[in-house]
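Enquirer: As they're listed, the protein sequences go chains P and A.
Heads up: the first sequence begins at 1 in the numbering used here, then just goes up one per residue.
Heads up: the second sequence begins at 1 in the numbering used here, then just goes up one per residue.
Each hint should be verified, as a subset may be incorrect.
If chains are identical, the list can't say which one is meant, so a pair holds when it fits in one copy or spans any two.
Said to hold, decoys possible - With a Cα cut of at most 25 Å, we get these calculated SDA-like pairs of lysine to any residue:
no., residue 1, residue 2
1, K40, F225
2, K18, T55
3, K199, E88
4, K249, T128
5, K64, Q8
6, K64, P213
7, K64, D13
8, K40, G253
9, K64, M224
10, K115, L236
11, K250, E15
12, K4, G253
13, K73, V180
14, K73, E126
15, K94, D267
16, K43, E232
17, K73, R86
18, K277, P112
19, K115, K199
20, K208, L36
21, K141, E252
22, K64, T31
23, K4, D93
24, K43, D92
25, K4, M224
Think of the hints as simulated: they come from the structure by calculation, not from any bench.
There are 2 protein chains.
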Amino acid sequence: MSLKRIEQHYAFDGEQCKYSHYSEVLQCDMTFSIYLPSNKEKKKIPLIWWLSGLTCTDDNFSQKSGFQRLAEKYQVAVIIPDTSPRGENVTDDKAWDLGQGAGFYLNAVQDPWAKHYKMYTYVTDELTGIASTLVHNFSGKESIMGHSMGGHGALVIGMKNAARFKSISAFAPILSPSQVPWGIKAFSSYLGEDKASWKEWDASELVKGTDIPPILITQGTQDMFYPEQLEETTFLENARENNQEVNYKKIEGYDHSYFFIATFLEDHFDFHMKHLK
Amino acid sequence: MSLKRIEQHYAFDGEQCKYSHYSEVLQCDMTFSIYLPSNKEKKKIPLIWWLSGLTCTDDNFSQKSGFQRLAEKYQVAVIIPDTSPRGENVTDDKAWDLGQGAGFYLNAVQDPWAKHYKMYTYVTDELTGIASTLVHNFSGKESIMGHSMGGHGALVIGMKNAARFKSISAFAPILSPSQVPWGIKAFSSYLGEDKASWKEWDASELVKGTDIPPILITQGTQDMFYPEQLEETTFLENARENNQEVNYKKIEGYDHSYFFIATFLEDHFDFHMKHLK
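Just chain P, with the same shape it has in the complex:
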């Protein structure tokens, strides 16, 4: 395997690292970031996945959220994938909401996207295998969270793998991608026009399932993409009809930025750690 550590920084006593590797699933070179807490007491360490939003790389969350303080406080590892396949040979689009930086954490089936755009399998299989080699004393317990497109990704991956993840959370997520402009554009391109195939990648559909992990969602009222892209009605109705454990918090004044994420991140860590104990 080509795994190579390209950055290492001490942060809050733990280590913030960046790795590069060749992805067999995505057929390109990828980078990801991971925080390993100090684990001075040599305990079993759980793992939280963070999935970022449109235009982001693994750097946004590692540099702008201040999560390392919380990950060290709670002694949990955090892994941050990139948001799409990358590179000159990877199909792209001029728009910032399609192609590179906009993988939507699904497996594309339509050309020209199908060759590289398999972020779902990359995260749930290939990167999962790599993570298990990097987190020493891994407890085997995992939770998943994300922001915007990555909030959609966290909900979809978490609900499709309900037995694996202990809890799911999201900041300002795309909750009904089949019904909003970002999702319709991405799903039309990656999945094709048959909307029946969109259902397995739509949190508002998946929330009808059984044995779904508890879900926490935080949404700011001054978010420039709310409600157009981040509309919650269908998701919350379907969750309620199916008796899912969903805590949807709407917060006055906050926007879509990492200032919003940084502010409420401790709530999300508190939530996940209850379920990862």
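Keeping the supplied structure of chain P fixed, place chain A upon it in accordance with the hints.
Expert: For chain A alone, coordinates are given in the frame of chain P:
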């Protein structure tokens, strides 16, 4: 006055804002950032100045340090100037350690720099006046801190205005600019070859003064610029000979990044708040 708010984000209950204005001192348009805590108890609010390092703008500290959590916790306003005059009409240099992004917080006297490069007067006079209009219930008490070139700036501005600032702190500061490559290059350009004139901008000289505020410095041992650019011997010797209150902490493993700053920022806020009460 041309002061214009160009960004506003809620963060930890307070407001992270960015302003633009025309600077009479620098003869160009400038931006700066300021955090205003929520002040729910309507108390008097002190002000901390943050000065950033080479290549930075006001965004680095506001986006990467996580300081808003601490500023809200302690109910202190924080203002972050840019690191130099800016714009197409402002003299620049191809190198990243001279010209735009590298103002060194001094007043240049040598052409072609003298027209715009007056960061010392900009910070201590013009921006000070603006800050006093933005911080409601300002207590009038101020402290100053910074990183690398901005650590030099904080020490120089703090010691040259010893009656004004209650405390000074720095992360990985340039302590002897007259003796290290970054400082020699900048001072030769901005001040000219007469090294006698460099002394009033060199922390190792200024620390020989009287009634200097207490100083806290944190330096990581794995900092790629230490000791070459950040050498501390002269400064600490002069501080000791003159009985200054200097706490110089060397921390194993940490580097020059904002991960280092984020980790030890609470120590610095604790230190300043003791003196701002």
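Enquirer: Now tell me, hint by hint, if it's right for this structure.
Expert: Against the structure, the hints come out as follows:
Proximity of K40 to F225 under the C-alpha cut-off of 25 Å is found in neither arrangement, the shortest distances being 42 Å within a copy and 29 Å between copies. Both within a single protomer and between protomers do K18 and T55 lie at most 25 Å apart by alpha-carbon distance, with minima of 18 Å and 22 Å respectively. For the identical chains of this complex, K199 and E88 are neighbours neither inside a copy (31 Å) nor across copies (52 Å), given an alpha-carbon limit of 25 Å. In this assembly of identical chains, K249 and T128 lie within 25 Å of each other by CA distance neither inside one copy nor across copies; the values are 30 Å within and 39 Å between.
Taking CA atoms no more than 25 Å apart as the test, K64 paired with Q8 passes in both settings, with 17 Å inside one copy and 17 Å between copies. With identical chains, the CA atoms of K64 and P213 are never at most 25 Å apart, being 27 Å at best within one copy and 32 Å at best between copies. In this assembly of identical chains, the alpha carbons of K64 and D13 lie at most 25 Å apart whether taken from the same copy (18 Å) or from different copies (17 Å). When the C-alpha separation of K40 and G253 is checked against a cutoff of 25 Å, the pair qualifies only between copies, where the shortest distance is 16 Å, while the shortest distance within a copy is 39 Å.
Taking identical chains as interchangeable, the C-alpha atoms of K64 and M224 lie at most 25 Å apart whether they share a chain (19 Å) or sit on different chains (22 Å). Taking the shortest Cα distances, K115 and L236 never come within 25 Å of each other, neither inside one copy (34 Å) nor across copies (60 Å). In this assembly of identical chains, K250 and E15 lie within 25 Å of each other by CA distance solely across copies; the values are 18 Å between and 33 Å within a copy. For the homomeric pair K4 and G253, the shortest alpha-carbon distance between copies (20 Å) is at most 25 Å, but the shortest distance inside one copy (42 Å) is not.
In the homo-oligomer, the alpha carbons of K73 and V180 never lie at most 25 Å apart, since the shortest distance is 38 Å inside one protomer and 38 Å across protomers. In the homo-oligomer, the alpha carbons of K73 and E126 never lie at most 25 Å apart, since the shortest distance is 28 Å inside one protomer and 41 Å across protomers. In this homomeric assembly, K94 and D267 never come within 25 Å of each other (Cα to Cα): the closest approach is 37 Å inside a single copy and 45 Å across copies. Taking CA atoms no more than 25 Å apart as the test, K43 paired with E232 passes in neither setting, with 39 Å inside one copy and 39 Å between copies.
Within a single copy, K73 and R86 get their C-alpha atoms no closer than 33 Å, and across copies no closer than 40 Å, so neither meets the 25 Å cut-off. In this assembly of identical chains, K277 and P112 lie within 25 Å of each other by CA distance neither inside one copy nor across copies; the values are 43 Å within and 63 Å between. In this homomeric assembly, K115 and K199 come within 25 Å of each other (Cα to Cα) only inside a single copy, at 21 Å, whereas the closest approach across copies is 63 Å. Within a single copy, K208 and L36 get their C-alpha atoms no closer than 35 Å, and across copies no closer than 44 Å, so neither meets the 25 Å cut-off.
Taking CA atoms no more than 25 Å apart as the test, K141 paired with E252 passes in neither setting, with 33 Å inside one copy and 32 Å between copies. Proximity of K64 to T31 under the C-alpha cut-off of 25 Å is found in both arrangements, the shortest distances being 18 Å within a copy and 20 Å between copies. In this assembly of identical chains, K4 and D93 lie within 25 Å of each other by CA distance neither inside one copy nor across copies; the values are 29 Å within and 36 Å between. When the C-alpha separation of K43 and D92 is checked against a cutoff of 25 Å, the pair qualifies neither within a copy, at 43 Å, nor between copies, at 53 Å.
Within a single copy, K4 and M224 get their C-alpha atoms only as close as 38 Å, which misses the 25 Å cut-off; across copies the closest is 21 Å, which meets it.
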